Structures are given as structure tokens and as C-alpha cells.
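Participant: Going by this note's numbering, the sequence shown opens with residue 1, and the numbers climb by one from there.
If you are wondering where the hints come from, they were derived from the structure by calculation, not from laboratory data. Heads up, some of the hints might be wrong.
[To be verified] Straight-line alpha carbon distances no greater than 27 Å define the calculated DSSO-like cross-link-like pairs of lysine-lysine that follow:
{"#": "1", "residue 1": "K104", "residue 2": "K178"}
{"#": "2", "residue 1": "K124", "residue 2": "K348"}
{"#": "3", "residue 1": "K173", "residue 2": "K124"}
{"#": "4", "residue 1": "K349", "residue 2": "K337"}
{"#": "5", "residue 1": "K104", "residue 2": "K279"}
{"#": "6", "residue 1": "K173", "residue 2": "K104"}
{"#": "7", "residue 1": "K167", "residue 2": "K293"}
{"#": "8", "residue 1": "K147", "residue 2": "K33"}
{"#": "9", "residue 1": "K30", "residue 2": "K295"}
{"#": "10", "residue 1": "K167", "residue 2": "K147"}
{"#": "11", "residue 1": "K461", "residue 2": "K409"}
{"#": "12", "residue 1": "K435", "residue 2": "K329"}
{"#": "13", "residue 1": "K167", "residue 2": "K178"}
{"#": "14", "residue 1": "K405", "residue 2": "K33"}
{"#": "15", "residue 1": "K286", "residue 2": "K349"}
{"#": "16", "residue 1": "K30", "residue 2": "K173"}
{"#": "17", "residue 1": "K320", "residue 2": "K195"}
{"#": "18", "residue 1": "K173", "residue 2": "K195"}
{"#": "19", "residue 1": "K173", "residue 2": "K147"}
{"#": "20", "residue 1": "K270", "residue 2": "K178"}
{"#": "21", "residue 1": "K403", "residue 2": "K279"}
{"#": "22", "residue 1": "K30", "residue 2": "K403"}
{"#": "23", "residue 1": "K409", "residue 2": "K348"}
[What the hints assert, rightly or not] Here are the simulated distance ranges between beta carbons:
{"#": "24", "residue 1": "T310", "residue 2": "K178", "range": "55 to 61 Å"}
{"#": "25", "residue 1": "K304", "residue 2": "A120", "range": "53 to 59 Å"}
{"#": "26", "residue 1": "M280", "residue 2": "P243", "range": "18 to 24 Å"}
{"#": "27", "residue 1": "G297", "residue 2": "S134", "range": "19 to 25 Å"}
{"#": "28", "residue 1": "A120", "residue 2": "G297", "range": "33 to 39 Å"}
{"#": "29", "residue 1": "A386", "residue 2": "E429", "range": "51 to 57 Å"}
{"#": "30", "residue 1": "R313", "residue 2": "K337", "range": "55 to 61 Å"}
{"#": "31", "residue 1": "K304", "residue 2": "P105", "range": "38 to 44 Å"}
{"#": "32", "residue 1": "H215", "residue 2": "F7", "range": "31 to 37 Å"}
Remember, predicted model here, so these are calculated numbers, not experimental data. Ideal Cβ positions, reconstructed from N, Cα and C, are used throughout, including at glycine.
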Amino acid sequence: MAGFVYFTDEQKQRANEVDLEDFLSRQGEKLLKSGGEKRLASDHSITVRGNRWYDHAAGTGGCAIDFVQMHYNSTFPEAVTLLLGGEQGQAYRASGPEREKEQKPFALPEANQDMRRAYAYLTKTRCLDREVVSAFVREKLIYEDAKYHNVVFVGYDAGGTARHAHKRGSYTKGDAFKGNVDGSDPRYSFRHLGKGNAVYVFEAPIDMLSFITMHPQGWQDNSYVALSGISAYAMLQVLEDQPQTDTVVLCLDHDPAGIENSFRLADAVKERRQDVRVKMLQPANKDWNEDLKAKNGMEPIPAKEHPGITECRAWCETLKRTAEDISLKYATAEYLKRYHCEMYQTLKKETGMEQLEDAFDGDGLILAGVAVRIMERYGRELGMDAAPGQIIDNLCGRYRPHKDKGNLKSRLVDMQNAFESVMECFAGEGPGTDKEKETLIKKCVGLTMECIRAHIYVAEKLQVQKQEGGMGQICSQL
1 MAGFVYFTDE QKQRANEVDL EDFLSRQGEK LLKSGGEKRL ASDHSITVRG NRWYDHAAGT
61 GGCAIDFVQM HYNSTFPEAV TLLLGGEQGQ AYRASGPERE KEQKPFALPE ANQDMRRAYA
121 YLTKTRCLDR EVVSAFVREK LIYEDAKYHN VVFVGYDAGG TARHAHKRGS YTKGDAFKGN
181 VDGSDPRYSF RHLGKGNAVY VFEAPIDMLS FITMHPQGWQ DNSYVALSGI SAYAMLQVLE
241 DQPQTDTVVL CLDHDPAGIE NSFRLADAVK ERRQDVRVKM LQPANKDWNE DLKAKNGMEP
301 IPAKEHPGIT ECRAWCETLK RTAEDISLKY ATAEYLKRYH CEMYQTLKKE TGMEQLEDAF
361 DGDGLILAGV AVRIMERYGR ELGMDAAPGQ IIDNLCGRYR PHKDKGNLKS RLVDMQNAFE
421 SVMECFAGEG PGTDKEKETL IKKCVGLTME CIRAHIYVAE KLQVQKQEGG MGQICSQL
């Protein structure tokens, strides 16, 4: 968007009062009912209500304008224009006055007189060990409700008061019902607190029980928690209730959503407790119950890798070969500038996806290779003996899919800023002191990561367009 754009206070207020449910629906976003709110199907951590939104994983929220800026990586003028309907003159519904909803008091569903259906579902359909299930039943952590015969997984606070309940339908035909009881406190979902130092974190109670079934040796000593969702509240509460914890093992689903949320939860742990180690443990199949079913001769739902991580690894292998073919004598600012310019010349042709591929996987790949060799060259001068392959493996390990958001325009801006920060290190006589060399290496890491993210963006867009049967024009974003 060229030039300065002026909005009146009235326009900004109207934009900020747009009903996000109406706006997102018209953008083609699928929304899922979540209590009194709606949850984005594309990012389950984000809920909207009226003109308000909240990201439960990141712990941030706000009104309509900052949502559009965050979710679509838009500038303030772009966000306001989009919310006001842009040139098409669409009028999105304004959010009505926020009505205070009466918070329903938490109450456990009435228990059935027996647990016949619950036991049959858990041990036969889900293949859970009967002794493991019985151990939780004895602690009043699992029971069967009287009205619908759901399996109820109860969460208690440190004082022994029930504060949370998750219901799971016991019927085996069709999609079974599942959901949290109204008034549940998300900090106290289904869990077992042991005296050990490790906490195992799962998405759902049945995943947690499946893991224990497959790893029964001394399980009572450890702590386990099922998030019954994706927010970090329950995990962080265990850290507070179990101050001896020194290790958190994230055992989420082996699919793109589970992988991204594992990284989010790892960040949440480090923000709360720097002294705690975080490990990620993935099931071989989609989740731990699928692993258990496979162990019992049933056909499991397979795992799905994160496409961004897959692309990152593949491109980094190509980058290794490219970097090895670049002589150290070309590890200079002149060669960085050359391939940066050639990459942008390719992008300016604006004729479609092929130009993006040529730019980022051609000159952009060489640009990243030169940056790697610069890291190697100046690293040697600092006494670090790291070969290009080692440097690239380290860069690949830095990739975080949950933070890799944005459109083509924002990625190009980030890459340009990273390039300029590297070139600043070569200003004057160039990096001479150890501190200047360390700064240069750090800036080259940033530039190479932007090259990696640019490739991943193109690869994912290309895959989507191939699936949709078209090769649309996205260079128009430039």
C-alpha cells in the first residue's frame, strides 16, 4: 500500500468493532463452536467472540484491528481497510454490546450406578489396561455418567476439590461426543501427580492412559497431565504444584497441529521455569492410542509430519551441497550483494510461482550458501571449527513452525532487513574485533533462516496450488 493513508477516528472505531465471527466466515475461515466462543479450525489456540480474540497458546489477545494485523501479517492501514470492506465495499456486521454471561458453577455430572459401558469402551475399544483404568477409578478420577453413559475424566486441585471434568462418549459408532463440563477450570484438567521429577504432557486423557498402559513400569512415580485442549494452563499448574519438577516431556499428537503446539508449550515452560528441561516424545502413529491399537493388531491412523519441518530438512540437505561448492574466498560482502540482487531481479518479473521458485531455490540458495561460508570463515578466526554441514544442521534445528507465519510481502521485508543488517557489519573496514565478528555471524544466521523460511513458504504454496489444480499468481503481493 503506497503512500500515507489517513483514517478518521470514526473509521478506526468502526473497524475495531467489526464482529470477527462474521468477518472470518466471509474470509472463508472455518470456525468451531467452543462454549460461548468460536475457535479457528486453522489455529485451535485462537478463539473469537464479538470483536474480541484471544490466543490461548501465546497468552495474547485484543480487538479486531490487531487480530487482522497478527493473523494476516498486515500493516495498520491494510488491516483497517480490510475490516472496512476495502474497495469492494463489503460491510461486516458490527459486534453488539458485550453481554455479561453468567458463569455456570462447576458441577460433576451425576454418576451411573456401575461402569460397565465405560470399562468396555476403555479396555476393549481403546485397548487400555484394566489395572491402569482401575487405579484411576479408585482415585475417583474416572467414572461413568448416568444420563449419557459418557466416560468422565475428573481433575482435582492440590486440595482435593474437583475443578475440571472432561466427557468422552462411550458409543463406538460415528464420531463420539467429547467436551469439557461447563465451569471447568482449565488449570486442573485430568492428571496424576507423582513424587518424581518428570511431568508427561498429553493432549487427551485416553492418550495419557494409553502411554501408561504401554509404559507401566513405576508409572505412579511420575506426573502426567492431559490438557483436554491445547492451552498451557494445566501443564503450568502442574509445574506450580510440583516444584521438584526438572523435566517436562511433551507427548502430543504426531501431526502438524501437535508438533506446532509442542513448540508453543516448550516456549511456555521456558518462560515459567528456566531450570526445567523440555523433551519432545512422539508416538509412531497419530497418537498414543493409535500406537496401542497397532500393538493390539488393529489398523492405526498414521502419523503426519509437519510439512514445514520436512521442507526445512530437505532444503538444508541441498544447502549443504551448495555451500560445499562455494570456495571460502567467495565468503564476502560482494558475493552476498551479488546474489541478493539477482534474486530480487528474478522476483521483479512477477509472472507467477515459477519465479518465486527460481528466486528462492536458485539465487536465494546460493545467497544462503555464501552466508554459511561467511559464518565458517569468521568462526574460524574466533577459534570455532565448524564445517558447513554442522552449521546448517544447527540452522535446521532452529526452525520453529509455530512462529513461521506471514504472507509473501512480510517475508520479503524480513529478508531485506536481515540482508541489510549483515551488510552493515561490513561497513567501513569490516568486522575486525571479536565482538564485530560474533555480531556478523549472528546476523548471517538470521539471513540464512529467512532464506530457509522463504523456501518453505514457496514449497507449501506450490503444493497447495498443485492440489487445487492451478498455478495462480502470487507474485502480485510484491
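Participant: Next, verify each hint and record whether it holds.
Facilitator: Hints versus structure:
{"no.": "1", "hint": "K104 / K178", "in the structure": "19 Å, holds"}
{"no.": "2", "hint": "K124 / K348", "in the structure": "61 Å, violated"}
{"no.": "3", "hint": "K173 / K124", "in the structure": "14 Å, holds"}
{"no.": "4", "hint": "K349 / K337", "in the structure": "19 Å, holds"}
{"no.": "5", "hint": "K104 / K279", "in the structure": "37 Å, violated"}
{"no.": "6", "hint": "K173 / K104", "in the structure": "31 Å, violated"}
{"no.": "7", "hint": "K167 / K293", "in the structure": "21 Å, holds"}
{"no.": "8", "hint": "K147 / K33", "in the structure": "23 Å, holds"}
{"no.": "9", "hint": "K30 / K295", "in the structure": "35 Å, violated"}
{"no.": "10", "hint": "K167 / K147", "in the structure": "12 Å, holds"}
{"no.": "11", "hint": "K461 / K409", "in the structure": "14 Å, holds"}
{"no.": "12", "hint": "K435 / K329", "in the structure": "22 Å, holds"}
{"no.": "13", "hint": "K167 / K178", "in the structure": "5 Å, holds"}
{"no.": "14", "hint": "K405 / K33", "in the structure": "24 Å, holds"}
{"no.": "15", "hint": "K286 / K349", "in the structure": "42 Å, violated"}
{"no.": "16", "hint": "K30 / K173", "in the structure": "25 Å, holds"}
{"no.": "17", "hint": "K320 / K195", "in the structure": "46 Å, violated"}
{"no.": "18", "hint": "K173 / K195", "in the structure": "40 Å, violated"}
{"no.": "19", "hint": "K173 / K147", "in the structure": "18 Å, holds"}
{"no.": "20", "hint": "K270 / K178", "in the structure": "31 Å, violated"}
{"no.": "21", "hint": "K403 / K279", "in the structure": "19 Å, holds"}
{"no.": "22", "hint": "K30 / K403", "in the structure": "21 Å, holds"}
{"no.": "23", "hint": "K409 / K348", "in the structure": "13 Å, holds"}
{"no.": "24", "hint": "T310 / K178: 55 to 61 Å", "in the structure": "30 Å, violated"}
{"no.": "25", "hint": "K304 / A120: 53 to 59 Å", "in the structure": "30 Å, violated"}
{"no.": "26", "hint": "M280 / P243: 18 to 24 Å", "in the structure": "23 Å, holds"}
{"no.": "27", "hint": "G297 / S134: 19 to 25 Å", "in the structure": "24 Å, holds"}
{"no.": "28", "hint": "A120 / G297: 33 to 39 Å", "in the structure": "18 Å, violated"}
{"no.": "29", "hint": "A386 / E429: 51 to 57 Å", "in the structure": "25 Å, violated"}
{"no.": "30", "hint": "R313 / K337: 55 to 61 Å", "in the structure": "29 Å, violated"}
{"no.": "31", "hint": "K304 / P105: 38 to 44 Å", "in the structure": "40 Å, holds"}
{"no.": "32", "hint": "H215 / F7: 31 to 37 Å", "in the structure": "58 Å, violated"}
The structure does not agree with the numbered hints 2, 5, 6, 9, 15, 17, 18, 20, 24, 25, 28, 29, 30, 32 stated previously, though it agrees with the rest.
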